[in-house]
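> Sequence:
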Amino acid sequence: MIGRTLSEEGAAALRARFLVSNPQTPQEMLTAALGTTAPVDLGRGLTLTRRRVAGEMRLELGGADKGMIDGLKAMGCFTEIIAFQLRVFLPHGDGVDTGSILARIVGQGTTKAAEQAA
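Note that the sequence shown covers residues 1 to 118 in the numbering used here.
No wet-lab data here; the hints were simulated from the structure. Accuracy of the hints is not assured; some may be wrong.
Said to hold, decoys possible - Pair by pair, the computed Cβ-Cβ distance ranges are:
hint : residue 1 : residue 2 : range
1    : D41       : G3        : 16 to 24 Å
2    : T5        : E28       : 23 to 31 Å
3    : G10       : P39       : 18 to 26 Å
The beta-carbon is built from N, C-alpha and C at its ideal position, and this holds for glycine as well.
Whenever a hint applies, use it, and build me the whole structure from the sequences.
Below, the structure written as structure tokens:
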């Protein structure tokens, strides 16, 4: 890989390979999820997995029960019904602050938001 130009996804995959422990911060979780198709444990029974849906790469939140859906949508996630099953996705791409949405989901964004409000 030395001396080669990498795409953003390729760079994320390379960073994920060098993570030696379980990702702890939301940014590490996001990097690990973008770098592989293996599920990344977010805690509280939730996982984050990179999936190809309708020809594009998406970040799917797995393990969300029906009681969590409205809260996840309020945090910035979106849902789609695919093959008669409701699935939850985390937005990512240009102009989307995926890291802060993920921080709110894993509970690490509440203190930062409270500090900014004070």
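> That 23 to 31 Å hint for T5 and E28 (C-beta), does it hold up?
Hint holds: Cβ distance 24 Å, inside 23 to 31 Å.
> Between the beta carbons of G10 and P39, is the distance compatible with 18 to 26 Å?
Holds, at about 20 Å.
> Go ahead and decide if the range 16 to 24 Å is satisfied by the Cβ distance of D41 to G3.
Between D41 and G3, where Cβ atoms are some 35 Å apart, the hint is violated.
Checked against the numbered hints above, the structure breaks only hint 1 and satisfies the rest.
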